[in-house]
Each structure stands twice: as structure tokens, then as C-alpha cells.
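*Asks:* Given next are the chains, with one letter for each unit.
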Amino acid sequence: MSHLPARSLRALAALGLLAALALAPGCARRDRPVESGNRDQILHRGLGHDLAGLDPHLATQAGDYDVLSALLEGLVAEDPVDLHPVPGVAERWEISADQLTYTFTLRANARWSNGDPVTATDFVQSWRRMLTPSLGADNAQLLFLLQGAQAFHQGQASFAQVGVVAPDAHTLRVTLEHPAPYFLAMLNHPAWFPVHLPTIQRYGDVADRANPWAEPGRFVGNGPFNLVSWRSGQEIVVTKSTTYWDAAQVRLQGIHFHAIDSVDAEERAFRAGQLHVTSALPPDKIATYRRDNPQFLRIDPLLATYFYRLNVTQPFLNDARVRRALALAVDREALVAKILRGGQRPAYAFTPPGTAGYTSAAALPTDFTGARRLLTEAGYPGGRGLPPFELLFNSSETHRVIAEAIQEMWRRELGIEVRLVNQELKGTLEARRAGHFQILRSVWNGDYVDPSSFLDIWRTGSGNNYTGWSSPAYDSLLFEAARTTDAARRDGLFQQAEALLLEDAPLIPIYHYTHVFLLQPSVQGWYPTLLDHHPYKQVWLQL
Amino acid sequence: MLRFIARRLLETIPVLLIVVTATFFMIRFVPGGPFTAEKAVSPEILRNLEAHYGLNQPLHRQYLSYLGSLLRGDLGPSFKYPNRTVNEIIADKLPVSLELGSLSLAVALLAGLPLGLLAALRRNTWLDYVCSSVSMIGLCVPTFVLGPLLVLACAIHFGWVNASGWYYPSDRILPCLTLGCVYAAYIARLTRGGMLEVLGQDYIRTARAKGASEARVVFHHALRGGLLPVVSFLGPAIAGILTGSFVIETIFQIPGLGREFVNSAFSRDYTLILGTVLLYAVFLVVLNLAVDIAQVWLNPRLKFE
Numbered sequence: 000m001s002h003l004p005a006r007s008l009r010a011l012a013a014l015g016l017l018a019a020l021a022l023a024p025g026c027a028r029r030d031r032p033v034e035s036g037n038r039d040q041i042l043h044r045g046l047g048h049d050l051a052g053l054d055p056h057l058a059t060q061a062g063d064y065d066v067l068s069a070l071l072e073g074l075v076a077e078d079p080v081d082l083h084p085v086p087g088v089a090e091r092w093e094i095s096a097d098q099l100t101y102t103f104t105l106r107a108n109a110r111w112s113n114g115d116p117v118t119a120t121d122f123v124q125s126w127r128r129m130l131t132p133s134l135g136a137d138n139a140q141l142l143f144l145l146q147g148a149q150a151f152h153q154g155q156a157s158f159a160q161v162g163v164v165a166p167d168a169h170t171l172r173v174t175l176e177h178p179a180p181y182f183l184a185m186l187n188h189p190a191w192f193p194v195h196l197p198t199i200q201r202y203g204d205v206a207d208r209a210n211p212w213a214e215p216g217r218f219v220g221n222g223p224f225n226l227v228s229w230r231s232g233q234e235i236v237v238t239k240s241t242t243y244w245d246a247a248q249v250r251l252q253g254i255h256f257h258a259i260d261s262v263d264a265e266e267r268a269f270r271a272g273q274l275h276v277t278s279a280l281p282p283d284k285i286a287t288y289r290r291d292n293p294q295f296l297r298i299d300p301l302l303a304t305y306f307y308r309l310n311v312t313q314p315f316l317n318d319a320r321v322r323r324a325l326a327l328a329v330d331r332e333a334l335v336a337k338i339l340r341g342g343q344r345p346a347y348a349f350t351p352p353g354t355a356g357y358t359s360a361a362a363l364p365t366d367f368t369g370a371r372r373l374l375t376e377a378g379y380p381g382g383r384g385l386p387p388f389e390l391l392f393n394s395s396e397t398h399r400v401i402a403e404a405i406q407e408m409w410r411r412e413l414g415i416e417v418r419l420v421n422q423e424l425k426g427t428l429e430a431r432r433a434g435h436f437q438i439l440r441s442v443w444n445g446d447y448v449d450p451s452s453f454l455d456i457w458r459t460g461s462g463n464n465y466t467g468w469s470s471p472a473y474d475s476l477l478f479e480a481a482r483t484t485d486a487a488r489r490d491g492l493f494q495q496a497e498a499l500l501l502e503d504a505p506l507i508p509i510y511h512y513t514h515v516f517l518l519q520p521s522v523q524g525w526y527p528t529l530l531d532h533h534p535y536k537q538v539w540l541q542l
Numbered sequence: 000m001l002r003f004i005a006r007r008l009l010e011t012i013p014v015l016l017i018v019v020t021a022t023f024f025m026i027r028f029v030p031g032g033p034f035t036a037e038k039a040v041s042p043e044i045l046r047n048l049e050a051h052y053g054l055n056q057p058l059h060r061q062y063l064s065y066l067g068s069l070l071r072g073d074l075g076p077s078f079k080y081p082n083r084t085v086n087e088i089i090a091d092k093l094p095v096s097l098e099l100g101s102l103s104l105a106v107a108l109l110a111g112l113p114l115g116l117l118a119a120l121r122r123n124t125w126l127d128y129v130c131s132s133v134s135m136i137g138l139c140v141p142t143f144v145l146g147p148l149l150v151l152a153c154a155i156h157f158g159w160v161n162a163s164g165w166y167y168p169s170d171r172i173l174p175c176l177t178l179g180c181v182y183a184a185y186i187a188r189l190t191r192g193g194m195l196e197v198l199g200q201d202y203i204r205t206a207r208a209k210g211a212s213e214a215r216v217v218f219h220h221a222l223r224g225g226l227l228p229v230v231s232f233l234g235p236a237i238a239g240i241l242t243g244s245f246v247i248e249t250i251f252q253i254p255g256l257g258r259e260f261v262n263s264a265f266s267r268d269y270t271l272i273l274g275t276v277l278l279y280a281v282f283l284v285v286l287n288l289a290v291d292i293a294q295v296w297l298n299p300r301l302k303f304e
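The listed protein sequences correspond, in order, to chains A and B.
With numbering that gives the first Met the number 0 applied, the first sequence covers 0 to 542.
With numbering that gives the first Met the number 0 applied, the second sequence covers 0 to 304.
Keep in mind that the hints were calculated from the coordinates and are not lab data.
Each hint should be verified, as a subset may be incorrect.
As the list claims (entries may be wrong) - Cross-link-like lysine to aspartate or glutamate pairs, in silico, EDC-like; alpha carbons within 20 Å at most:
#, chain 1, residue 1, chain 2, residue 2
1, A, LYS284, A, ASP299
2, B, LYS38, A, GLU403
3, A, LYS337, A, GLU389
4, A, LYS337, A, ASP318
5, A, LYS337, A, GLU429
6, B, LYS38, A, ASP283
7, A, LYS284, A, GLU396
8, A, LYS239, A, GLU214
9, B, LYS79, A, GLU407
10, B, LYS79, A, GLU396
11, B, LYS38, A, GLU93
12, A, LYS337, B, GLU37
13, B, LYS79, A, GLU214
14, A, LYS337, A, GLU407
15, B, LYS38, A, GLU423
16, B, LYS38, B, GLU49
17, B, LYS79, A, ASP260
18, A, LYS284, A, ASP245
19, A, LYS337, A, GLU423
20, B, LYS302, B, ASP291
21, A, LYS239, A, ASP115
22, B, LYS79, B, GLU37
23, B, LYS38, A, ASP455
24, A, LYS425, B, ASP291
25, B, LYS38, A, ASP115
26, B, LYS79, A, GLU423
27, A, LYS425, A, ASP366
28, B, LYS79, A, ASP63
29, A, LYS337, A, GLU396
What the hints assert, rightly or not - Examples of chain B residues lying across from chain A (beta carbon under 7 Å, computed):
#, residue
30, ILE26
31, ARG27
32, PHE28
33, PRO30
34, ALA39
35, ASN55
36, ALA152
37, HIS156
38, ILE250
39, PRO254
40, ALA264
Nothing here was measured: the structure is a model prediction, and the numbers come from that model.
From the three backbone atoms N, C-alpha and C, an ideal C-beta is built for every residue, glycine too.
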């Protein structure tokens, strides 16, 4: 055994110590971002995934709105409590008796961040850009509500035939394809936001997806905040705008949006005082927060439904009695109370109850006896004669435990065997497109607060149906509802449509989502809203 | 030696071509495409998008045109980020991964080499057991456990550093320690093993017999040979560490290339997948070459052939 002189050993040890010291942090406790933010009115918001871009017309993710609504403002804005439309760029509007024509009067003091006035022509040109096919905007279909817009988008009409004109700089006249009580609320979607065309033109073709105008130093917006910097995968920084018409009302001096993919990392950042608001909370942490730190935990209702699609073109599932039996044999109360535990509401219909005052009277309740009777009627008493079904879901721990619970309910109550198959998200979406599934875990988020945002997807020819289910009676009820100006009649037509849908059961509603997240008590004006919108104008931080 | 390097570099061209070709076709046969989304995109919009990115062309033509732009050094537009090119994304993210990687590597070497040396020189003493246990623990504790533990202690409890982000110099500490520790453990074990083997050889006994000091024996005679296993490990390890670690970048919210690498596969961003795979392949090839050169330099029994 060799022996080194003590000197060399000491040198080695010293080297190690030096390395440790070089990396050791200073021991002083720093001012955490939340503390300095409260002092300086700088909000730190967790964003979840980073944005793909800041062009509002190319926005596709739910989180895009969180940033874009700080930088841009549409014709109308939202009330922070219940999101009803309040004046935005338009200071007032008139609606014709047939509810087809909207005349907006734009406020004279609305300004872009470069000082230019925001005019009616800006809106006309922005919507034209949104509808131009070469832009390839995913959400162009939202604008099909404008008269002639779909024909223009498909190249069958000129833009002159689209129902939007600017008689003068401060008047915008919009004609709709059919009456739509949700039109004003819908104007808050980024697809309807104005963009500053001269800026976009400076960096290339207006309708080129690759146009690099939406970058710090170039971006021109008309919202309460201006873009300062964007470190991709890290943070987007905006600061209070001085040109915004209502700047006097804006109390926040700036917002830092932190892109944190991992919900666990986001929760740690919150605990370390780096975030005022998180985008989500891992489900396994809900109970701990509820017990130890309820002051940070927020559970808000969300306009979204978790459901299973049933492929009605598949053998056995083409029998409505089998589908209904499956739907009746799901104990949603147990799922929500024992597994999810995040305040979710069990779903007995597709449209979340209370959506713009509408609650479906028809329901698919939990009724094991009724389910067994239906199966017997269909010729499969006790599940005999039914082959095992396949339930496909995208890989996620939550989807798995829900699927396992339902698998067990069906086995126990109906004698039906179900095989669980999981794939990565894009794989399940492709299976959905190709119709290669029997039962498929799905989600639907409403784009705007109206039953039509939910019921429309089950129309024949809707791109989001995917079940193969089609009902002329359902289609005509929705068609009629879209063309009636009488609110009570419209509600009645939706009731009939949803009853028909649930009777035929091409889907199994499971629960209505909640948005579970963490919020520092210093954040004021952050109300629970169905779309998770929080107009920054009314948000401020209490010391 | 120059001829050796030139020949090896020439050999990499077919390797890279195979990598690009295999990746190009494999990702096209994976179900789902870049525009597959939860909410359906209308058929006409899908057609516009495919036309914009040339996805409506036959596959072989897309492949040839990709190779063409590759020759010009253009990795193409990203599908996920509409107004960014893959070149821009790599230029933006690679420096972050390089910084994280080189600092972690420094941690790994500064901790791993002394630990391994001490263990080898004090074989079967308590010092050896301590060093070996520490490196065993380092090997067994995965980064996704060590990282959050460090965050809990240093960021949340003591408030010394941020829990995540890459804003201040102090934000480098936890991720580099976490990533460095794993590699340090490997390096310590390899160093110990390599040194033990070398220290038992005849030429070491000869050196001792001729009266060389213990320090001279260890650092001058033994270390060169003892580090050979470490050097062959470092080639692929450095390639991996420099092109970004998905786990570390996710735990600490670091805007590096590792996150893009993995996420591009999930979002089917074809060009970004190809770009990052190609970059990784280049790193791997170059570093393996560097390892070979280093081995010849360290081991007198090897020659450039």
C-alpha cells in the first residue's frame, strides 16, 4: 500500500474545499421577487408552457391569451368579475333589431404603442389578415361568424363581400352571418385582436406566417402594457404603457411571465417566492395545500368538460343502448370526490351547468340498475356476448387512474371488460382523426361563454365530432337556434338538442374542470372566471 | 496525426448522412403531425399550412430539398415557432446548454477526480470507504431527486438562490451541482478503478524502486494511465452534457437545448428534431475523435493508425 506525504493529501483536500467554496452561495437572504414585486407593482405570473409566438392571429394555445391580453385590446374588454363585455377600443356600440349588424364607435384617444391612433381601418385590415388563407391561422374559423368570411377564406368571394366596413376612422360596422348573442364576448379572443399593419409590413408580407414582427423592439400593440423582452423558454417581460387610453386605471407597473413547463418546478418556484400566480398545481399537492396553506390555494370553475368519445361506427358501440349503459354506469361523484379531489363538478351533461344562464335539463345520471336493464334489452345481459372494449387515453397519471376506476365500475356493474391503452398525445389525436378507437378520453374547452361553443362540435360535418355520430334533427335544432333572436326560444332549442345528444350518447360526460392554482394573497382583483381571464387593468398588488 | 484526423472527419460524412436520413424518415412515420391539435384545424387551413411548409410535396422531394438546404447550412423553419428558424433556435439555446454543461463538467472533474484518487491511494481504509460510498450514492440518487432536494434546502428553506430560472449567476449553482454530482460519481469510480490497476503494475514498482517520490509516482507516472477509462467515458458524456440535459433543464427551468430536443419530438416539429439530432451527432463524432487523440497521447502503446 502506497502512502502519499501528508502535504499532497492536504493539497488535494484544499482543492476539494476550494471547489466547494467557489460554488457555495452567499449566505445573505435575498429579496424574493414576490416581495420586491409587491413593492414595485410587478406581477410574476407562471405561464406553463412558453408561447410559440406573440402574433395574436397565430395564437393557438390557451396560455397565449394570458400574455396577449396585456399587449393588445379588442373592441370590447371584459369585466373582471363575470367577464361581461365592457367598452374597450370601442367606447359604445349599437346592435340592430335583427341582431345582425353591430355599429361600433371607436374612442378617439385609443393609441398604438408607437403613438398612432387605433382606427376602424386597423380592425378591417386585421380581420382581413386573419382570414387570408396564406396566413394559415388555426382560428380563422372563429371569424366565419362574419358575413361572407368563410367564402372569402375559401377563395370564393372577395373581401369586399365580407361583413366588415369602416365608414370613417372611428366607426366600424360589422354584419354577421346569423344572430349571435355571444359575438361581443367572442371579440376578446386573440383571433379578433387588432394588429398594427404598417409594422408588420415593415418586416415582410402581411400574410406570411414567418413574418418576424412580433418580437421585442418591433412589436407594436394597443394594450395596457408594452413588450420589453422575451427570453424564449424563460420569461416575457411587459411594462405599463403610457400611450394606452386608460393608463390612469392601470396600477401594475409591469408583468413578468415565467415559462415553466413542469408543474412541480412551478410549485417550487412559488414556494421560493418567485411567483405571484402559478398556471396550475400538481393534483397530488392539493390535499397538502388545503390542510397546511389554504390561503394560497385557489380552485376556480373552468369552462371545460372531461368526457369520453364513443365511436358509433364500431360494432356493439353502434347500439345507442350499449352506449347509454356505459354512460349510466359511471359513478362520477366517486371519481370527483375520491380521485380528483380538486373541486371538480361531476358532469351529467356536456355543456357545463350555468353556461351563459343555460343548464341542461336532460342528463345522463349514475344509474347502475338502468344501465344493466339497457344492456339486457340490447341482448347482452350481464355483459355476456360483448367483446372487451378498448379505452384509449393520452399518457398521463390522472387519465390513467380515472380510466382504471371506470374500468372497474363497468366490470363490476355491467360485466363488461375494458382494455386500457395509452399513447402519447399526438398519437391519440391521430387515432381520433383516423377513427381508430372505440372509447377515447377527450376534453373540450369553450372558446366563449355560450352553450353553442359546446353543442356545435356534435353537428354533422363539425371538425371536432370524430365519433361518427350524426343526427339531422340535432343539426336543424342548432341551425334554428343560431338564427333566432329570442333568448328564451334559443335556450329551449339548445335544451332539445342536448337532450337528443344525451339520449343517443355518442359521449360519456365525466366531469367539468376546475382550475387549481396557487395565488399569493397580495394579488388583488384576481376573480374566479370561467375562462380563466383576469383583465390586468384591474389587478394590483397589496403590500 | 493530421492524416488520421482528416480521415476520421471524412468518415463522419456518411455517418451523418445516415443519421439525417434515418431520422427524417422515422419521424414521418410516427403518427400525428405538427398541426395535429386538440381542436381540429379546418381542412382548408391544413392545406394552407402544408403548402407553406412544403409538406404537400412527395416525401422524397421533401427529403432532397432538406438535404439541399442542409448543404447551405440552413436547418429550415421551425413548425412550432412560426417566425423562427431552427438555426435561430439553436443559436439561442445552445449557449445556455454549453454554459450549464461546462460548469457541470467542471464540478464533475473537480469533485470526481480527487475523490477517486483519494480512494485509490487509501485503498481499503475508512477514506476509501467514505469516497466510494459518496460516489455510490451519487450514482444511485437520480437528478430528479437530488435537484428538488437541493431546491428545497437552498432555495425554499434558506432563500439563498432562486428555485428555478437562469437569470443571475447564482442561478447556475444548483443545476450545475446537480448535474455535476452524477458525473462526478462516475468519474470518481472510474478514476479509482483506473488508478488501482495502474498502481499495481511493474513500471510503478520500478519507479518506486528507483526512489521516485510518492507524489511523482502518482502524478507523473500513474495518473496518465489511470485516467484512460475516465477519458473514454468523457467523450460521449461531454456530448450529452453539452447538448443539454432535459431533466435538469426541466427541474430548474433553464432555457437550454435539451428541453427543445425532447419537446420537439412531442410537438412533431420535424425540422427542429432533425436539427437537434444532427447537432448531437456532430458533437458525438467530434468528441469521440478527441477521445481517440487523447488516448494516444496518454497511452504510449497506442498509435494513430
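*Asks:* Now, for every hint given, state plainly whether the structure supports it.
*Replies:* Here is how each hint holds up against the structure:
With a C-alpha separation of about 16 Å, the suggested pairing of LYS284 (chain A) with ASP299 (chain A) holds against the 20 Å cut-off. For the suggested pair LYS38 (chain B) and GLU403 (chain A), the alpha carbons sit about 26 Å apart, so the restraint of at most 20 Å is broken. Between the alpha carbons of LYS337 (chain A) and GLU389 (chain A) the distance comes to roughly 24 Å, so the proposed pair goes past 20 Å and is violated. Of the pairs offered as hints, the one joining LYS337 (chain A) and ASP318 (chain A) is violated, with about 31 Å between alpha carbons and a cut-off of 20 Å exceeded.
Pair hint LYS337 (chain A) plus GLU429 (chain A) does not hold up; C-alpha atoms about 32 Å apart against a cutoff of 20 Å. Note on LYS38 (chain B) and ASP283 (chain A): the hinted pairing is violated, with a Cα-Cα distance of about 28 Å set against a maximum of 20 Å. Pair hint LYS284 (chain A) plus GLU396 (chain A) holds up; C-alpha atoms about 14 Å apart against a cutoff of 20 Å. A threshold of 20 Å between alpha carbons decides the hint, and for LYS239 (chain A) with GLU214 (chain A) the separation of about 17 Å falls inside it, so the pair holds.
At most 20 Å may separate the alpha-carbon atoms for a hinted pair to count; LYS79 (chain B) and GLU407 (chain A) exceed this at roughly 39 Å. For the proposed pair LYS79 (chain B) and GLU396 (chain A), the alpha carbon gap of about 26 Å is over 20 Å, so the pair is violated. With a C-alpha separation of about 33 Å, the suggested pair LYS38 (chain B) and GLU93 (chain A) falls outside the 20 Å cut-off, and the hint is violated. Taking the CA atoms of LYS337 (chain A) and GLU37 (chain B), the gap is near 27 Å; set against the 20 Å cutoff, the hint is violated.
Taking the CA atoms of LYS79 (chain B) and GLU214 (chain A), the gap is about 16 Å. The hint holds against a cut of 20 Å. Between LYS337 (chain A) and GLU407 (chain A) the CA atoms are separated by roughly 14 Å; this keeps the pair inside 20 Å, and the hint holds. Restraint check for LYS38 (chain B) and GLU423 (chain A): satisfied, since their Cα atoms lie roughly 16 Å apart, inside the 20 Å limit. Of the pairs offered as hints, the one joining LYS38 (chain B) and GLU49 (chain B) holds, with about 17 Å between alpha carbons and a cut-off of 20 Å not exceeded.
In summary, the hint linking LYS79 (chain B) to ASP260 (chain A) is supported, as the alpha carbons are separated by about 16 Å, within the 20 Å threshold. Distance hint between LYS284 (chain A) and ASP245 (chain A) is unfulfilled; the C-alpha atoms sit about 40 Å from each other, more than 20 Å. A hinted pair counts as satisfied when its Cα atoms are at most 20 Å apart, and LYS337 (chain A) with GLU423 (chain A) does not qualify at roughly 26 Å. With a C-alpha separation of about 10 Å, the suggested pair LYS302 (chain B) and ASP291 (chain B) falls inside the 20 Å cut-off, and the hint holds.
Pair hint LYS239 (chain A) plus ASP115 (chain A) holds up; C-alpha atoms about 17 Å apart against a cutoff of 20 Å. Straight-line distance between C-alpha atoms of LYS79 (chain B) and GLU37 (chain B) comes to about 15 Å, which keeps the hinted pair within the 20 Å bound. Proposed proximity of LYS38 (chain B) and ASP455 (chain A) is supported: the alpha carbons are some 13 Å apart, at most 20 Å. Annotation: proposed proximity of LYS425 (chain A) to ASP291 (chain B) is violated, straight-line Cα distance about 41 Å (limit 20 Å).
A C-alpha spacing of about 36 Å is found between LYS38 (chain B) and ASP115 (chain A), which places the hinted pair above 20 Å, so the restraint is violated. Straight-line distance between C-alpha atoms of LYS79 (chain B) and GLU423 (chain A) comes to about 17 Å, which keeps the hinted pair within the 20 Å bound. Between LYS425 (chain A) and ASP366 (chain A) the alpha-carbon distance is near 34 Å, which puts this suggested pair outside the 20 Å criterion. Using a Cα cut-off of 20 Å, the hinted pair LYS79 (chain B) and ASP63 (chain A) holds, with the two alpha carbons roughly 14 Å apart.
About 15 Å separates the Cα atoms of LYS337 (chain A) and GLU396 (chain A), which keeps this hinted pair within 20 Å; it holds. Interface hint at ILE26 (chain B): violated, since its Cβ lies 11 Å from the closest Cβ of chain A, which is beyond the 7 Å cut-off. For ARG27 (chain B), the interface hint is violated, since its Cβ never comes within 7 Å of a Cβ in chain A; the closest pair sits about 13 Å apart. A distance limit of 7 Å between C-beta atoms decides the matter here; for PHE28 (chain B) the minimum to chain A is near 12 Å, and the interface restraint is violated.
Among the interface hints, the one on PRO30 (chain B) holds; its C-beta lies about 4 Å from the nearest C-beta in chain A, closer than the 7 Å criterion. Nearest Cβ of chain A to the Cβ of ALA39 (chain B): about 4 Å, under the 7 Å cut. The hint holds. Hint status for ASN55 (chain B) relative to chain A: violated, with the closest Cβ pair at about 12 Å, above 7 Å. Interface restraint check for ALA152 (chain B): the shortest CB-CB distance to chain A comes to about 11 Å, outside 7 Å, so the restraint is violated.
Proximity of HIS156 (chain B) to chain A is violated relative to the hint, the smallest CB-CB distance being about 9 Å (cut-off 7 Å). For ILE250 (chain B), the shortest C-beta to C-beta distance to chain A is roughly 6 Å, which falls under 7 Å, so the interface hint holds. The beta carbon of PRO254 (chain B) comes within 3 Å of a beta carbon in chain A, closer than 7 Å, and the hint placing it at the interface holds. The criterion of a C-beta within 7 Å of any C-beta in chain A is not met by ALA264 (chain B), whose closest approach is roughly 9 Å, and the hint is violated.
This entry does not satisfy hints 2, 3, 4, 5, 6, 9, 10, 11, 12, 18, 19, 24, 25, 27, 30, 31, 32, 35, 36, 37, 40, going by the numbered hints stated previously.
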